[in-house]
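On the provided structure of chain A, position chain B as indicated by the hints.
If you want the building blocks of each chain, they are given just below.
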Amino acid sequence: MSGFFKSSIGRKVAMALSAFFLMFFLLQHLAINILSVLSPDTFNEVSHFMGTNPLVQFALQPVLIFAVVFHFVMGFVLELRNSKARKVSYAKNNGAANSSWMSRNMIWSGITILAFIGLHFVDFWFPEINTKFIQGDWSGTMEGIEGFRYHEELVHKFANPLRVGAYAFCFVLLGLHLAHGFTSAFQSMGGTAGRKKTLQNIGKAYAIIIPAGFIFIAIYHHLNH
Amino acid sequence: MNLTLKIWRQVDAKDKGKMVDYKVTEISGSMSFLEMMDVLNEQLVNAGEQPVAFDHDCREGICGMCSMYINGEAHGPDRGVTTCQLHMRMFKDGDTITIEPWRAGAFPVVKDLVVDRSAFDRIQHAGGYISVNTSGNTQDANAIPISKQAADTAMDAATCIGCGACVATCKNSSAMLFVGAKVSQYALLPQGQVEAADRVRNMVAQMDLEGFGNCTNTGACEVECPKGISLDNIARMNRELMKASI
Numbered sequence: 001m002s003g004f005f006k007s008s009i010g011r012k013v014a015m016a017l018s019a020f021f022l023m024f025f026l027l028q029h030l031a032i033n034i035l036s037v038l039s040p041d042t043f044n045e046v047s048h049f050m051g052t053n054p055l056v057q058f059a060l061q062p063v064l065i066f067a068v069v070f071h072f073v074m075g076f077v078l079e080l081r082n083s084k085a086r087k088v089s090y091a092k093n094n095g096a097a098n099s100s101w102m103s104r105n106m107i108w109s110g111i112t113i114l115a116f117i118g119l120h121f122v123d124f125w126f127p128e129i130n131t132k133f134i135q136g137d138w139s140g141t142m143e144g145i146e147g148f149r150y151h152e153e154l155v156h157k158f159a160n161p162l163r164v165g166a167y168a169f170c171f172v173l174l175g176l177h178l179a180h181g182f183t184s185a186f187q188s189m190g191g192t193a194g195r196k197k198t199l200q201n202i203g204k205a206y207a208i209i210i211p212a213g214f215i216f217i218a219i220y221h222h223l224n225h
Numbered sequence: 226m227n228l229t230l231k232i233w234r235q236v237d238a239k240d241k242g243k244m245v246d247y248k249v250t251e252i253s254g255s256m257s258f259l260e261m262m263d264v265l266n267e268q269l270v271n272a273g274e275q276p277v278a279f280d281h282d283c284r285e286g287i288c289g290m291c292s293m294y295i296n297g298e299a300h301g302p303d304r305g306v307t308t309c310q311l312h313m314r315m316f317k318d319g320d321t322i323t324i325e326p327w328r329a330g331a332f333p334v335v336k337d338l339v340v341d342r343s344a345f346d347r348i349q350h351a352g353g354y355i356s357v358n359t360s361g362n363t364q365d366a367n368a369i370p371i372s373k374q375a376a377d378t379a380m381d382a383a384t385c386i387g388c389g390a391c392v393a394t395c396k397n398s399s400a401m402l403f404v405g406a407k408v409s410q411y412a413l414l415p416q417g418q419v420e421a422a423d424r425v426r427n428m429v430a431q432m433d434l435e436g437f438g439n440c441t442n443t444g445a446c447e448v449e450c451p452k453g454i455s456l457d458n459i460a461r462m463n464r465e466l467m468k469a470s471i
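In the order they appear, the protein sequences are chains A and B. So that you can map any letter, position 99 of the first sequence is 99 in this note's numbering, and since no number is skipped, the others follow by simple counting. So that you can map any letter, position 239 of the second sequence is 464 in this note's numbering, and since no number is skipped, the others follow by simple counting.
The hints are simulated quantities; they were obtained by calculation from the structure and are not laboratory data. Among these hints, one or two may not hold up.
[Unchecked claim] Within a straight-line C-alpha distance of at most 20 Å, the following computed DMTMM-like cross-link-like pairs (lysine to aspartate or glutamate) qualify:
1) A:K196 - B:D381
2) A:K132 - A:E146
3) A:K84 - B:E435
4) A:K92 - B:D303
5) B:K243 - B:E260
6) A:K87 - B:D237
7) B:K396 - A:E79
8) A:K196 - B:E447
9) B:K452 - B:D377
10) A:K157 - A:E79
11) B:K241 - B:E274
12) A:K84 - B:D341
13) A:K132 - A:E143
14) A:K87 - B:E267
15) A:K92 - B:D423
16) A:K6 - B:E435
17) A:K196 - B:D377
18) B:K468 - B:D423
19) B:K231 - B:E251
20) B:K452 - B:E285
21) A:K197 - B:D423
22) A:K87 - B:D341
23) A:K87 - B:D240
24) B:K336 - B:D433
25) B:K336 - B:D240
26) A:K87 - B:E251
27) A:K84 - B:D433
28) A:K92 - B:D320
29) B:K452 - B:D282
30) A:K6 - B:D423
31) A:K132 - A:E153
32) A:K6 - B:E267
In isolation and in its complexed conformation, chain A is listed as follows (with noise of 0.2 Å):
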């Protein structure tokens, strides 16, 4: 098996086994912010469990951060591969002609992607380990505030038009990524003969909700700060 995991084919199986990981948190965190919109309470009561909970920090987040850095670090891995193929360039090249803008630039849209990850690492996760692991307050709640504090400090950071306008800008490029990525993961695991049309539907679906969802979420709080 470890020999499969050497082969091209096998790298790509296991781009796709992260990036069917990565799909699946971005419909749960997806789930969860919504709940920001629909009902503040059910948001900050879930956010609190999904931040305290040993099993979610100890257990899933590890391995969210895992297949986070594994998808980008095995994506410029194989870009650079890739791009070895093929020594001389053509002089002209029409790219347009047989395939999709999205598919041909999955690294940029994912270099997107990972600025997106540091900003939004600097906004919540880097201040949430502050205040769980350095200051070691696992409450949930803050000074001036009724309850616990993740509503307030979500709507709080939607505030700036910039941050709003940056987080618009990446998901749109999420949904480029995705446009193609969920396809793509599926044909890599061999799992499209057949069912191709349908699956290009869900990822088009998909590609769709998933950003847009997040672009909304960011607006109406901004809105509504």
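Then chain B, alone, in the frame of chain A:
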């Protein structure tokens, strides 16, 4: 029609090579692309210059020899055709046509538009066959029933002529459509089952060894393939390799 051709000229494998401009006149729309190249070469020979070297053989879309990257596309702008089947009516009077060899590290340029595609032969040698000893008592082909669907799908895969357009057009120079087709044509038939695991393992290992890139599922190969080989063959190869590795 009168055309300007920008053609890659390279004396040999070691030469750096460069694009050179040529003019051809009175080209008929009914000519094939290779016939147009013949006109150019006649012109060059008459002028005492070296003709442009290019691969060709059957000139009816079966042998898989012709291999030109025309105006940024493998086998040119038409679909489902090889370069020899491409008609000049696809172009307009006054057009400038850029003609390059297949570009891939695994397909080094031999001369001008001729590339060495023996990497494909070595992949085939690694497992693209079934071992049938011709002992004189080979059983009748119809003794093993095969469903129409399996036979048709295997035949579709077997129509790959190994021209290399998939590699040429892929942004990663990946050979997975070719290898996928060769794996599939046997994987779908009972005769191919005996050596199925070794076949896919060895062919993929040889493909990687030759320096082809990884497939990123852009689908460009399927679009440019003159024989319409489907991406399903790559998915099938992936499944076959997973099955063989477990």
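Can you name, in rising order, the numbers of the hints this structure does not satisfy?
As far as the earlier hints go, 5, 10, 14, 15, 21, 24, 26, 32 are violated by this structure, in ascending order.
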